[in-house]
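S.K.: Chains as they are written, first to last, in the working numbering: chain A, 107 to 421; chain B, 158 to 442.
No wet-lab data here; the hints were simulated from the structure. Do not rely on the hints blindly, as some may be mistaken.
[Stated by the list, open to error] Far from chain A, by Cβ distances over 10 Å, these chain B residues were calculated: (1) Q163; (2) T169; (3) F222; (4) R256; (5) Q313; (6) L350; (7) S363.
[Claimed, not checked] Partial list, derived from the structure: chain A residues whose beta carbon lies under 7 Å from chain B: (8) A169; (9) G173; (10) L174; (11) G182; (12) A400.
Here a beta-carbon is modelled for each residue, glycine too, at the ideal position from N, C-alpha and C.
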Amino acid sequence: MWDHYQAYDKKATRDGFGAGLHELGQKNDQVVALCADLLGSLKMQAFKKEFPDRFIQVGIAEANMMGLAAGLATAGKIPFTGTFANFSTGRVYDQIRQSIAYSGKNVKICASHAGLTLGEDGATHQILEDIGMMKMLPGMTVINPCDYAQTKAATLAIADHDGPVYLRFGRPGWPVFIPEDMPFEIGKGQKLKEGKDVTLMATGHMTWYALEAARSLEKEGVDAEVLNFHTIKPFDVDLLIESVRKTGRLVSAEEHNRFGGLSDMAAQYLALHQPSPMRIVATQDTFGESGKPADLLEKYGLSPQHIHRAAVELL
Amino acid sequence: MPDIQQLEQTATQIRRDIVRMVHRAQSGHPGGSLGCADYFTALYFEIMNHKPEFNMEGHGEDLFFLSNGHISPVWYASLARSGYFDVDELSSFRMIDSRLQGHPATHEGLPGIRVASGSLGQGLSVAMGAAYAKRLNGDDSIIWALTGDGELQEGQIWEAAMFGAHYKLDQLIVTVDRNGQQIDGSNDHVMSLGDLEAKWKAFGWSVHTFDGNNMETTLRALQEAKSRVGQGQPQVLLMQTEMGAGVDFMMGSHEWHGIAPNDEQLEAALQQLPETLGDYSINKQ
């Protein structure tokens with residue numbers, strides 16, 4: 107039986123960030139947390155409570171927050187900024203570009219409420235372009251973990267990585283299926299299921315859906331391989347190419363615009379190294395809208411059934 | 158007692174360096190650089206406790222952050238003249254394969270630079286992050302930062318201004334180069350800054366004004382600012398300067414904000430700025 111990735115809990119990935127940050131506070135006294143008036147949303151309360159001196163409330167001033175983080179990093183601190191993904195990227199792109207990325211600052215940009223699953227607040231807050239913006243920056247590491255446990259592991263891992271990181275996570279409760287003791291290595295994708303007929307690659311929330319799709323495909327006699335790309339940049343080219351060389355086809359799934367995200371990355375490397383038929387499960391160059399997370403994912407083509415159907419189309 | 162005459166001579170040499178650098182590159186920003194030459198000289202040769210052997214983290218020393226990065230020529234000349242790198246390297250300003258980028262950067266590893274600047278409005282926030290880190294580390298050294306006045310039109314400056322007052326960053330001394338000019342004309346013409354003194358005061362800052370093209374008044378203002386450190390308030394110094402100060406035909410307008418002198422203009426400028434410490438030599442690569 108391949109399927110040992112069963113949901114053993116349901117928690118938000120942002121809770122994994124909060125738990126990881128709190129643990130980091132205990133482990134590393136250089137870690138400093140900054141927050142732009144979204145303490146509860148980012149689950150930073152535990153850190154603030156235990157380490158009030160190392161928690162900096164900056165108010166609704168994200169541009170200033172990025173500059174502060176750059177200055178703290180200059181002095182050897184390891185700053186973690188916390189706000190929504192929208193305000194962590196597009197709103198402050200030039201601050202990140204000049205003061206952090208170009209200046210090589212060891213800042214961890216931690217971004218919650220990414221994608222459609224932010225839900226009812228609607229398209230103003232549902233950023234679907236953030237991975238693209240951040241992966242374009244030279245030297246920026248881009249990570250989008252798939253569940254609570256992995257987000258916690260990623261939060262711990264990025265503190266030990268020297269350089270700017272964009273850590274993307276989300277708002278809704280989501281199946282927790284990654285074992286707590288599963289190693290997390292930045293830049294290394296994970297093969298969650300071995301298969302031979304089609305490769306399903308996913309990042310973030312969509313990784314659970316890719317597993318769901320693999321289960322339904324199995325019932326139809328299709329043996330799918332499932333890859334979790336928690337790190338989008340640096341991209342694990344070898345894992346992808348090795349898999350597609352075997353299966354001959356690829357479905358990529360992400361809660362992001364089809365332009366600029368994981369699918370773009372995969373398509374570029376496939377075209378260069380292993381040209382193969384591919385389907386993309388992502389938003390189709392559109393903004394989102396208000397609604398419940400699951401309904402939005404369904405409406406915008408991001409359900410397990412969509413991944414399933416994309417795989418079948420390739421067979 | 159500081160030797161005023163010697164500092165003035167250093168400032169004159171730095172002005173020569175600025176004009177020669179911008180002339181050789183045939184690009185760069187001489188106007189604001191010349192206007193701030195006295196301030197940089199006072200800071201780097203008298204006021205700051207700093208270490209030219211350069212360590213990025215800068216523990217236990219005063220740090221300087223330049224927010225209006227386009228006046229890089231005056232900063233590079235000040236750093237070289239105070240021992241951060243060889244003065245001859247000034248000849249590589251804005252050339253390919255140089256550490257002296259058009260706007261200051263850490264990317265090529267130039268000693269003395271701690272963050273890139275050029276896209277305006279960001280340096281004050283970075284300086285505050287560094288000041289906050291010093292507070293966390295129990296390091297009572299001073300963070301100095303310079304912004305342009307046109308730059309105050311950027312919204313991020315006022316986000317930072319609120320932060321500095323809220324957290325009582327009293328290790329921080331911000332100076333505004335109040336030359337009244339920007340690319341498209343005077344501040345008043347382009348976008349009025351209004352009553353800057355009242356604005357900073359309303360944001361909770363300790364505000365002071367001085368003549369920044371006079372070595373005595375500059376030294377006195379910076380020393381007085383140092384004496385106010387630790388009194389629970391961030392400070393802003395509104396420094397009156399003239400764009401192009403030291404070169405008569407570059408003064409009095411915004412025209413020399415970002416253009417280079419030709420050969421004749423270079424000669425005319427250098428005649429007004431006698432060589433005092435020895436010119437850097439042109440490194441012909």
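S.K.: Please flag the earlier hints that this structure goes against, numbers listed from lowest up.
M.R.: 3, 5 and 12
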